Structure formats: structure tokens, C-alpha cells
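Visitor: Sequence:
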Amino acid sequence: MANTYTWDIPALDCRPKEGDLSTVVYNVHWRYNADDGNGNVATIIGTQTVEAPDPDDFKPYDDLTKEIVVSWIEPQMNMVEMKSNLDAQIAEKENPTTETLPLPSDSE
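Per this note's numbering, the sequence shown starts with residue 24, numbered consecutively.
Read the hints as simulated data drawn from the structure, not as lab findings. Owing to the predicted nature of the structure, the values given are computational and were not obtained by experimental measurement. The reader is advised that the hints may include incorrect statements.
For lysine-lysine, the following DSSO-like pairs were computed, each having C-alpha atoms within a straight-line distance of at most 27 Å [claimed, not checked]:
#, residue 1, residue 2
1, 106, 89
2, 89, 40
3, 40, 82
4, 116, 106
What follows is a list of derived Cβ distance ranges for each label pair [as the list claims (entries may be wrong)]:
#, residue 1, residue 2, range
5, 125, 80, 56 to 64 Å
6, 39, 105, 30 to 38 Å
7, 54, 121, 23 to 31 Å
8, 127, 27, 25 to 33 Å
9, 105, 37, 21 to 29 Å
10, 125, 84, 22 to 30 Å
11, 121, 82, 41 to 49 Å
In this text, a Cβ means the ideal position worked out from N, Cα and C, and glycines have one as well.
With the hints as extra help, turn the sequences into a complete structure.
Guide: Listed below in C-alpha cells is the structure:
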């Protein structure tokens, strides 16, 4: 089964005033998630700065949606590399190549 990828946008850093505009987003806090449908999930967390808005195409803060914000950040990212990273994380969970074990107890 192919992995499913989703975005979460937990926070936006904003400038209260920028010229004649108010509540202007300049930085996006994001999480990009993958789920294989079998209980294995992986996440990459980051932030992405965004360009100053065009005053003629400014979206008021209250009108922002996840889709709008993702459309600002996704073109600035290497999505092939991010999906590959998430796929590798899930593959490692499915077939671990390392494990962490406690020190064996003393036999005495």
C-alpha cells in the first residue's frame, strides 16, 4: 500500500503591521506526515519563511486556510526528497536495521 502524505500547519508567525497591511504572515511552522495505513507513521517538522505579500493579492489572516498556506510553502521545498525521507522512516519501522537494548542483568 502506498504511503499517504498530509500537512499540518500548527502556527504562523505574523507581523502585526507591514505597511498598510495587518497580521502579515512571514514564517510558517509545518509538519509533513506519512502514514502507510498499517500503523506506521513518520513526520518531518520545520519552518519556512514566506515572501512579503503583494498588497494587490493579500489574503487577510482570518481568510487563510491550510490549503492557501501550503500553496505558499510547498513550491519552496524539495517534495521528492521529503517524501523519500518519510518513506525511509516508515521502511525502518517496518524492518528495523538497529535496536536499542538494556544492559543484560548480572548473572550473580
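Visitor: CA of residue 106 to CA of residue 89, is that 27 Å or under?
Guide: holds (19 Å)
Visitor: Is it true that residue 121 and residue 82 lie within 41 to 49 Å of each other by Cβ?
Guide: holds (45 Å)
Visitor: Taking the beta carbons of residue 105 and residue 37, is their distance inside 21 to 29 Å?
Guide: holds (25 Å)
Visitor: Run the distance test for residue 89 versus residue 40: straight-line Cα separation, threshold 27 Å.
Guide: holds (22 Å)
Visitor: Within 22 to 30 Å or not, the Cβ separation of residue 125 and residue 84?
Guide: violated (50 Å)
Visitor: For the pair we were handed, residue 40 and residue 82, check the Cα-Cα distance against 27 Å.
Guide: holds (14 Å)
Visitor: Mind checking the hinted window 30 to 38 Å against the Cβ distance between residue 39 and residue 105?
Guide: For residue 39 and residue 105 the Cβ distance comes to about 32 Å; the hint holds.
Visitor: Could you say whether the range 56 to 64 Å given as a hint is met by the Cβ separation of residue 125 and residue 80?
Guide: holds (58 Å)
Visitor: Range hint 23 to 31 Å: satisfied by the CB atoms of residue 54 and residue 121?
Guide: holds (25 Å)
Visitor: If you draw a straight line from the CA of residue 116 to the CA of residue 106, is it 27 Å or shorter?
Guide: Holds, at about 15 Å.
Visitor: May I ask you to test the hint 25 to 33 Å on the CB atoms belonging to residue 127 and residue 27?
Guide: Since the Cβ atoms of residue 127 and residue 27 sit about 40 Å apart, the hinted range of 25 to 33 Å is violated.
In this structure, the hints that do not hold are numbers 8 and 10, in rising order.
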